[in-house]
Each structure stands twice: as structure tokens, then as C-alpha cells.
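K.L.:
If you want the building blocks of each chain, they are given just below.
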Amino acid sequence: MGRYVVRRLLQMIPVFVGTTLLIFLMAYTLPGDPVRAMFGDRGADPATLAHIRHDLGLDQPLIKQYWDYLTGMVLHGDFGTQIQSGRPVTDVLSDAFPVSMRLALIAFGIELVLGLALGIVSGLKAGKLRDNVVLLLTLLLISVPVFVLGFLFKWLFANQLGWVTPNVQDSMSVSELFLPATVLAALSLAYVARLTRTSIAENLRADYMRTAVAKGLPRRRVVGVHLMRNSLIPVVTFLGYDIGSLMAGAVVTEGMFNVKGVGYYLFDAIQRQEGTTVVGLVTVMVLIYLAASLIVDLLYAVLDPRIRYA
Amino acid sequence: MTTAENTTPLLEVSDLHVEFHTRDGVVRAVNGVNYSVNSGETLAVLGESGSGKSVTAQAIMGILDMPPAKIPQGEIRFRGQDMLTMSREERRQLRGQKIAMIFQDALSSLNPVLSVGYQLGEMFRVHQGLNKKQAKAKAIELMDRVKIPAAAQRVNDYPHQFSGGMRQRIMIAMALALEPDLIIADEPTTALDVTVQAQVMDLLAELQQEFHMGLILITHDLGVVADVADKIAVMYAGRIVETAPVKELYAQPAHPYTRGLLDSIPRLDQKGQELYAIKGLPPNLLRVPSGCAFNPRCPKAEDICRTELPALAAVSEDRGSACHFWKETLNG
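Protein chains in written order, with our numbering: chain G, 1 to 310; chain L, 1001 to 1332.
By construction, these hints were calculated from the structure, which means they are not laboratory data.
Every residue gets a Cβ at the ideal spot worked out from N, C-alpha and C, and that includes glycine.
Check before you lean on any hint, since a few could be wrong.
A short list of chain G residues far from chain L (calculated; beta carbon distances all over 10 Å) [what the hints assert, rightly or not]: (1) 12; (2) 27; (3) 28; (4) 29; (5) 38; (6) 42; (7) 86; (8) 93; (9) 98; (10) 151; (11) 238; (12) 271; (13) 272.
To give an idea of the chain G side of the interface with chain L (calculated C-beta under 10 Å), a few residues [claimed, not checked]: (14) 7; (15) 205; (16) 206; (17) 207; (18) 208; (19) 209; (20) 211; (21) 212; (22) 214; (23) 217; (24) 219; (25) 221; (26) 233; (27) 304; (28) 305.
Within a straight-line C-alpha distance of at most 20 Å, the following computed SDA-like cross-link-like pairs (lysine to any residue) qualify [stated by the list, open to error]: (29) L/1138 to L/1127; (30) L/1070 to G/210; (31) G/125 to L/1067; (32) L/1300 to L/1289; (33) G/125 to L/1063.
Use the sequences and the hints to build the structure in full.
P.N.:
This is the structure:
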């Protein structure tokens, strides 16, 4: 197990370098010129532009710029500086990530509780009425685009019922984040419910379930221990990976509800061609993804003893 | 021992019917089965797949999925008490404690993600309220009993870490855990190598003697039966077609189907000859032939066999055959 973890951690290095390089190249080949943009419509004389470029290191070859960026980040935790505002990118990161993390965790909680509950309820009665209701409901959630659902929820809960304000005022307030988190969780929730349902319906017919009944175990033990331990393995895997995408996939939701998290800053940075900010935000996301996938793989081995890493 | 225990069989199945309601129609898997087992006795139930032998066993255990299964008629008496009229909870209490079952494929029948120690210990925790530690000690004891080497080290291992024979021993240990009165073994050796089959059968027979349990051994393998069974019930298309003490049945079958089964055992002294096989296929239970269900495959079939269902006729005091021509069959 220990050797496996070390190997996985080492494997992360090329993945990390590769992804950051790609993002770096993509961000810097975006059309437009951030230095020229600093002067707006007035324009500036070429000497000044060249001077600023030189100060920022933008006249260096791209690969040299990447190398400087990478070493600065790894050695000094320096993610660069925003060109326009002169603000360190780390400041943006420390503003954005706690918000997104909070939003993602609330969404994750909703997904976990509702998704599992719906999946268990329908899986235990596969083919019956309540199973079909859940299947229909989840199909609806999967089919409706997130912005439609978001505006629908906004209209219903903010405009019609007046339970919440349409836009989030304080991005750290849990009660205000609840509605956007629900919208964010909707799609994953449907997937979790369906995955749980299928897994349960399948394992319900397994031979070991018959054994458990033949042992004279009470029903709650047959279902709660024997069925669940087996059925939840694929679900836990999905949930683990999903934490990463909940944090990253909130661009639309955060924009719609004015939540100032990663998605919000990312969109903003792309619009302003702030390459450094984009790369910084995405790099942290890549790290979260890598960590999440490692944890999921380790958890998988804990849950399923047939899988052992050497 | 009281007189009641002497006269009432441990388990008595009478006129049991089981049907499955499927989209294609009603499958009558068991049609009026009668048999009984006493303490210390081994009944072998023999038959091809689809003959209803496993379904009968599952009905006794109460582990049929109902629906689609339905028991429209019949009684299953355990120590004189009809289990079919018991409450769900009463039946659960019997399962594992009084009646236990050993399944065919131990790998799929054991829970893959729980250690064998947990699965064995669970019997004691649920039925006797022992704590985890006590249950584990009991599990090790059981594993020793079924001769699993290094039980104390292996108690935390998972089913996939054991060999096929060892896994079947664990199934046996699980069934034996609470020293039940009756064990139903559904093809316990089918998935095993021949040498391991013998070991497992010997172990089962030995433990049965030790605990004086009743044993219902379900199998399609005549070789397994000969050594361990006291009496045999042969099933075909959901009915018992012949029942007899084991030696008599081997020596002189009283039903053409039993004869066919015995003739299809490969024999060493007839090497090189073509193996005998009963012609035709087992009937589709949705369309069982009229009269005797075996008539399309029977070498002795006559008109009466196609119209009239033969009842189980008494061949002798403890033998029965459901054949119109049992006398002719008996005499070759």
C-alpha cells in the first residue's frame, strides 16, 4: 500500500507538469494583448509597451516563461501577478477557493443524502411505481440544462415564494449558498440516484443475499450490511471523483447566482485575458482532481478487499 | 426422547406445490411433493436441473422470492409444526438456528466484501447476542472444526483468498454454527474437484453423525449419493417419481427414469463403449406433457402413459414408484 501511494504520487508529477503546460500555452495563445488592454482606448507608445512587457517577462520565449512560472509556484508558492490590478494571484485564489469549497461541500451533502436515499428507495423496489417515479425524476434532472434549472429555481424560490434573495449577497453565508448548491448538485444527484439504484437492484439478486436470508438474519441487517456494503462501492467511487467536478464545474451556477467563487473569477479572468489568473485557478483545480482521484482509488481498496495494491 | 419425537419426523413435506408466475405463464415447478427426514438420517433428492429439487429446498428454507413464487398448496412440517402458517419472524428464528442451508457455489454465496470471520461470527451475534470478540473466537472454533488449517490466522481473510474446497468448508461451518437439527445441502460439491468433493462429503457425513442432524442432500450426481444417503427421492418435472432406500434403488430401480440415470453413469469395465444417455430433453415446465411427464423419453411408454398420470404406487413398505409399469421395470 505504501509503495503504491508513493508510486501514485510520483506519477502525479508528469501529469501536473503536462496539464499546467497545456493550460499555460492555451491561456497565452488567447487572442488579444493584456498589456495593450491596460491603456484602454487611448493607446500607448511602442516603447512603453515594450518596457512593460520586458518588466513582466512577456518578451521571453514562452517555454522560458512557463519555466519561470512553474519554479516560482513550486518553490515560492508564487502564482504570479494580475497584470491589470497588480494583485498577486494567490490573493484571488484565497478569495475564490473557500467560497467554491463551501458551495461544493453543501452541494455534495445534498447529492449524498438525496441521491443515496432516492437510489435506495427505488433500487429496493425495482420495477415498481416508486422506482419509475424516481427514474422519471432523475431523467428530468439529467435532461434539463443547469441554467434552465437555475432560473426556474430562482423564479420559484426568490421571485414567487420570496424565500431567498435572487442573488447571493454574502458568498460565505451557508443559508444563501443553499439554493445555488441545490442547482449545482442536481445533475450529480440524479447520477448518484441512478447508480445506486442499478447497483442495489443488481446485488439484490446475488447469491450471497440468499445466503444472508438463509442465515436467519433480520431484514435490516441483510439490507443494511450485506447489500449496502456491496452496492455502495461504485457509488463511493463516483462521489469521490465528483467532489472535484463540483468545485470546478460551478462556472455557470456561480455566474447565475453571483457567487464569488472559482467559477466566477475564472470566467472573469478569461474575459479579461488574465492568463496568470486563469492558469493559477486551473492549476489548483488540477491539484484537487489529482488528490481526489488518489483518495478514491485508495478508498476503493478499503471497500473492496478483492482489490489490493502492491 | 419423548414418544412424540419418535413418531413425528423431523421434517415432513406433504403435497407441496410451488408455482412461479412469469410473463409467459405459470410455471409449476413443484407438483405435490412428499418426503420426510428424521434426525440423523440422510435423504438424497436426485434429479436433473429443472426437476424442482432446489425449489423444494428453498420452499423449506423460506427463501423463495414471493412473488414471483407462490405456494398454493401443501404443508412443510418441522417437528410437527407447519412452517407455512408461521409468521415471518418465527420463520426467521428457525432459519440458521434450526434449519440451515449449504449452497452450491461458495464463492458467490459468501459475501465478497466481508471477512469469513465476520460472516461466521454474524450467526452468533445475531442469534445469540455475542459481542464481536466472542463471535470471532467462535468463528475460529468453527473453522477448526471443519478442518481449515491455521484458522486463527485466516479468520480475517476474505472468501476469494480461500481455495474452492476451503470455501465450501466455510459454508458448511456457517450452516453448522448453531448446531441446527436439519441441514439442506444444495449440490454442495458440484463446483469442486473430484478429490475435494470426497473430502467435503466425508466431512459433511462425519459432522452429521456427530450432531445427529437430519440432512437433505440435493444432487444430480449419483456417485455422491451412494455412500452417504440412507434413502433417495428421485424427482422429475416437479414430482417425485421414485423413492427408495439407497441400496435397493441402486440394485433394482422401479422407474424407467431412475434406470436411465443409473445406466448413464460411466463405468470402468465398459471402456470404449458409447455412453448411455436418456434420449430427449427435460420437459418445459410451461408445457408439461400430458399423462406421465416422462412419457416422451421413456422406452417403456404405452398409450396409458400419455393419458393418465401415474400415482406414486407402493412397491414395498418403504419404496414407491410413479410408473404404470413399475413391476415390469423392477424385474428388468
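K.L.:
Against this structure, judge whether each hint is valid.
P.N.:
So, going through the hints one by one against the coordinates:
no.	hint	in the structure
1	12	holds, 28 Å
2	27	holds, 45 Å
3	28	holds, 49 Å
4	29	holds, 49 Å
5	38	holds, 60 Å
6	42	holds, 69 Å
7	86	holds, 56 Å
8	93	holds, 40 Å
9	98	holds, 37 Å
10	151	holds, 44 Å
11	238	holds, 17 Å
12	271	holds, 49 Å
13	272	holds, 51 Å
14	7	violated, 24 Å
15	205	holds, 9 Å
16	206	holds, 7 Å
17	207	holds, 4 Å
18	208	holds, 4 Å
19	209	holds, 9 Å
20	211	holds, 5 Å
21	212	holds, 7 Å
22	214	holds, 5 Å
23	217	holds, 6 Å
24	219	holds, 8 Å
25	221	holds, 7 Å
26	233	holds, 7 Å
27	304	holds, 6 Å
28	305	holds, 4 Å
29	L/1138 to L/1127	holds, 13 Å
30	L/1070 to G/210	holds, 17 Å
31	G/125 to L/1067	holds, 12 Å
32	L/1300 to L/1289	holds, 16 Å
33	G/125 to L/1063	holds, 18 Å
Figure legend: structure checked against the earlier numbered hints; the only hint not met is number 14.
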